[in-house]
Amino acid sequence: MTSPLLQVEGLTRHFTIGRGRRARVLRAVHDVSFEVGAGEIVALVGESGSGKSTTARLVARLDRPTGGTIRLDGADGLTGEPRRASPAYRRAVQMVFQDPFGSLNPVHTVGHHLRRPLILHGHDPGDVADLLTTVGLDPSLARRHPHELSGGQRQRVAIARALAVRPRLIVADEPVSMLDVSVRAGVLNLMERLRATRGTAYLYITHDLASARYLGGRILVMYAGHAVEGADAATLVERPAHPYTRLLLSAVPDPRRERRGAAPPAAPAGAAAAPAPAGCPFTARCPLAAARCAAERPARTDLGGGHWARCHATEEGRTG
Amino acid sequence: MAEPLTAGTTAPPTGLLSIENLTVDFHTPRGTARAVDGVSLGLFPGEILGLAGESGCGKSTLAMAVPRLLRDPAVITGGRVRLGDGDGDGVDLLGLSDEELRRVRWRDIAVVFQNAMNALNPVLRVEAQLVDVIRTHERTGRREARERAARLCGLVGIGADRLRAYPHELSGGMRQRIAIAIALALRPRLLIMDEPTTALDVVVQREIIAEVRRLQERLGFAVLFITHDISLLVEISDRIAIMYAGEVVELADARTILDDPAHPYTRGLLASFPTLHGDDTRLTGIPGAPPDLVDPPPGCRFAPRCPSAHDRCRAERPVRVTVGDRDVACHLYGPAEVTP
Amino acid sequence: MRKVTAFLRGDRRAVAGAAVFTLIACAVLLAPVLAPHTTTWSDGGPFSPPSADHPLGTNGQGQDVLSHVLYGGRTSLGMALVVGTGTTVISVVAGLVTAFLGGVADEAISLVVNVVLTIPSLPLIIVLAAFLPPGTGTIVLVLVATGWAFGARVVRSQALTLRRRDFVAAATVAGEHRRRTIFVEIMPNMASVIAAYFCGQVVFALTAGSALEFLGLGDADQPSWGTMLFWAQNDSALLQGAWWTFVAPGLGIALTASALALVNFAIDAATNPRLRVARGAAARRPRGFRRATAVRRG
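Residue numbers (UniProt numbering), protein chains in the order written: chain A, 1 to 320; chain B, 1 to 340; chain C, 1 to 298.
I should point out that these hints are in silico values taken from the structure, not numbers from a laboratory. Hints should not be assumed to be uniformly reliable.
[Said to hold, decoys possible] Simulated restraints on C-beta separations:
| id | chain 1 | residue 1 | chain 2 | residue 2 | range |
| --- | --- | --- | --- | --- | --- |
| 1 | C | 238 | A | 145 | 55 to 65 Å |
| 2 | B | 85 | A | 17 | 52 to 62 Å |
| 3 | B | 277 | A | 16 | 37 to 47 Å |
| 4 | A | 238 | B | 166 | 37 to 47 Å |
| 5 | A | 16 | C | 141 | 39 to 49 Å |
| 6 | C | 103 | B | 27 | 46 to 56 Å |
| 7 | A | 145 | C | 178 | 23 to 33 Å |
| 8 | C | 157 | A | 147 | 15 to 25 Å |
| 9 | C | 268 | A | 147 | 17 to 27 Å |
| 10 | C | 178 | B | 27 | 41 to 51 Å |
| 11 | C | 119 | A | 10 | 51 to 61 Å |
| 12 | C | 268 | A | 199 | 44 to 54 Å |
| 13 | C | 157 | A | 304 | 50 to 60 Å |
[What the hints assert, rightly or not] Output of the computed footprint for chain C on chain A, the stretches with three or more beta carbons under 8 Å from beta carbons of chain C:
| id | stretch |
| --- | --- |
| 14 | 104 to 110 |
| 15 | 114 to 122 |
[Unchecked claim] Listing some non-contacts, in silico: residues in chain C with all C-beta distances to chain A over 10 Å:
| id | residue |
| --- | --- |
| 16 | 107 |
| 17 | 195 |
| 18 | 238 |
Please read all numbers here as calculations on a predicted model, not as lab measurements. C-beta atoms are modelled at their ideal positions from N, C-alpha and C, and glycine is treated no differently.
Could you build the full structure based on these sequences and the hints that come with them?
Next up, the structure:
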């Protein structure tokens, strides 16, 4: 059996905040596992603080995990290259950042941004025009500076920079959330086109379930550093198992829903309450919470067809 | 000065607020950009009017021009903003002195911003800020103001124990609730909400929206709700105005906008975002970018991006006309012959 | 380059400052052509007032003041520019090294920076200059030794902010080398800070260096604006009513310092990317509470 393109197992990142006695540990990412196959789209969906962006940075090797493994083509990259990722890893895995205003260097031209990765990875620096054409931009933009471009154009440049090394996986951290509504579709369609024509796989980080569903592929829902449910996009949206997924789905603005709709089903009161480190992180807000939930972390319950959830209620067959 | 080209054919409703031919210019080093261009818009008492459009379309400028909260490069260069007082013509906010305006703000018109931290003072406890607002505008004893502050917090679903908290000790959603409580402190008739949930997570956004709806039904104020998220707007608004490049291009009932959009820009917007349960159609988005307002295209401002544009669109600005149950500014719907 | 011309066009302060400084620099460079006499030439008539022969009069030794101002400016400006360059280079290197190496190097250099910053600099400068053999070299050395610390701290904090920006992460993901990331991606973003610091240091070196020379801590035989003031004081020029011996070098110092200060302000306003972006974005983001002027139209 061939190993998947990217295999993340038990990924954990804890931050220590403060010093000495006051120090406490923030569990940004806790025991997260998933796989991304070649040409596949996996969406990590969650709210702010869910650990989705930390996961993205870990996979892009901008940060080192506290625990767990990240395997590329079955080879554990972390043990071999403790300090920096190898050029081979960089060639395979690229990243597109959320803020197209911050991810391009204001003092350099568009051309510079595309030329550097080409040179660093031994490609022809003359490919800049091709790259711009690929992402739907005019090659003449190479001489412009980022501040002369619109948000949508900048994000296309950022994608072109990621494409320069011909990666097999692009980690896209909220690539459209800061763009105007009318240009978002264009960027999402571009990503899908690149997947179809070049076989580029994506780890798509988003808070927007609708766009995750639009791109298709698999969706992994994260809450407070934990992966709580995973399924293919259609299943997750139509038959969510975890109470948090259901809460999230009910909160997404949906023009087709009956208007003046009721408040979300879960009690929001404990929203800020710290999750019990031992149990399920969603316990405090969960309408189905039982004594067991606070004490014991639920295991993965397999629901068939690659659909799973970490929830005691699901495991016991209780539904809301 | 050129004649206003988009005079709404419908008289503004004799309701709570009527914006008539409002024009706002930005004086930039490159020239004058007309951010709001002869916009007419009315608000009925107790309705929620949604204002949607992309960044730079002038929606925030329009909304902030109402209580005259615009900052330096922006200057109101024409039009009227009448606040109804039950009978007669109402009062033109643009003609008020600073002192008169101060009385209107907060008592009649309150504003909630995208970032609650802009409205909250980071070094004062929440209670002190609520008490301050109440006591600055009304002759109230400290004790009574405190009691009202507690009631206001209860109104927006925040426990009295949070009154002693500083803004940074609260979550984003709670801060926005406090900002709403402060805005509602003097029972305004109009609440202007400028992207109030954009910085919040979806679940919190949903709670805030439900809260606003609930409060609005209970207290009867009107809301001018500004957002770029048209799907959110369809859920909360009674009517929706779509803005593009400084103009209101379509104004209709929320359902009508969703089910039967007329203006090609509105249609483009609706085809720009994916929905959770809709069919799997491919999103088209809108090609191109909004025009440079310093040097806008001669005809319809949307013509360069419009799939239905024809010669007339590139030469002549469309006038906003009433077609059926909506107002729309587009040559596809306007009067056939060229208006003089 | 476009940036520079754009800001020169847009800012009257910059134009004025740059023009005055260029004029002074040219005059000083062309001293052999412009000066009516050499610095050693003397006609024996001390303190003769400005005349056709001596446009700025003569000093206590009967030497031509205009020639001294022109030749002396070479020493003064040269000294100031060398100190400015030296402190700026040391500041940038120390600041970047501490920001990026971290660990022991950061702790050690930061300690030195803090020590240098804590000692009151003017007394230190005077004490150091008094102990070392007098001369322009000593003054340069002393001013560089005491002047770099503040800049190092400024550069360090800027670099620490910049390295958290996404474009640095993007360069890392692209596989960019660390040294190149620091010097090609990050450093150009600090151009305004570095340029402003350089201007400030030149102004400081000019005034402080002249002050040291005035106090007699420089090389009294080497003509410069500071030593001219020293000799004027020494020869009791003021008692003789020979105001021109003070005013000429004093104006040289004051004009140069003011011109550079103007350029400094303008650099700050023009190359700060925040201000540049804000200008472009202003048309899109009207926020805040300042009342706009409302004009009613009938």
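Hint by hint, here is what the structure shows:
Against the hinted window of 55 to 65 Å, the Cβ-Cβ separation of residue 238 of chain C and residue 145 of chain A comes to about 56 Å, which satisfies the hint. Between residue 85 of chain B and residue 17 of chain A, the C-beta spacing of about 54 Å keeps the proposed range 52 to 62 Å intact. In this structure the hint that residue 277 of chain B and residue 16 of chain A lie 37 to 47 Å apart at CB holds, the actual value being about 43 Å. For residue 238 of chain A paired with residue 166 of chain B, a C-beta distance near 44 Å keeps the hint of 37 to 47 Å intact.
Restraint check, residue 16 of chain A to residue 141 of chain C: a C-beta distance of roughly 45 Å satisfies the suggested window 39 to 49 Å. Checking the proposed 46 to 56 Å range against residue 103 of chain C and residue 27 of chain B shows it holds: the Cβ atoms sit about 51 Å from each other. In this structure the hint that residue 145 of chain A and residue 178 of chain C lie 23 to 33 Å apart at CB holds, the actual value being about 24 Å. Take residue 157 of chain C and residue 147 of chain A: their Cβ atoms lie about 24 Å apart, and the range 15 to 25 Å holds.
Checked against the hint of 17 to 27 Å, the C-beta distance between residue 268 of chain C and residue 147 of chain A comes to roughly 18 Å, which is consistent with it. For the pair residue 178 of chain C and residue 27 of chain B, the supplied restraint of 41 to 51 Å holds, since their beta-carbon distance comes to about 45 Å. Separation of residue 119 of chain C from residue 10 of chain A is about 53 Å and conforms to the stated range, judged on CB atoms against 51 to 61 Å. With their beta carbons about 49 Å apart, residue 268 of chain C and residue 199 of chain A fall inside the hinted range of 44 to 54 Å.
A C-beta distance of roughly 55 Å is found between residue 157 of chain C and residue 304 of chain A, which places it inside the suggested range of 50 to 60 Å. Given a C-beta distance limit of less than 8 Å, the hint that chain C covers the stretch 104 to 110 of chain A holds, as 5 residues qualify and 3 suffice. Counting residues of the stretch 114 to 122 of chain A whose beta-carbon sits less than 8 Å from any beta-carbon of chain C gives 4, enough to reach three: the coverage restraint holds. Here residue 107 of chain C stays apart from chain A, with its beta-carbon at least about 16 Å from theirs, past the 10 Å limit.
Every beta carbon of chain A lies more than 10 Å from that of residue 195 of chain C, the smallest distance being close to 13 Å; the non-interface claim holds. Residue-level check passed: residue 238 of chain C sits 52 Å from the nearest beta carbon of chain A, beyond 10 Å.
The structure shown violates none of the earlier numbered hints.
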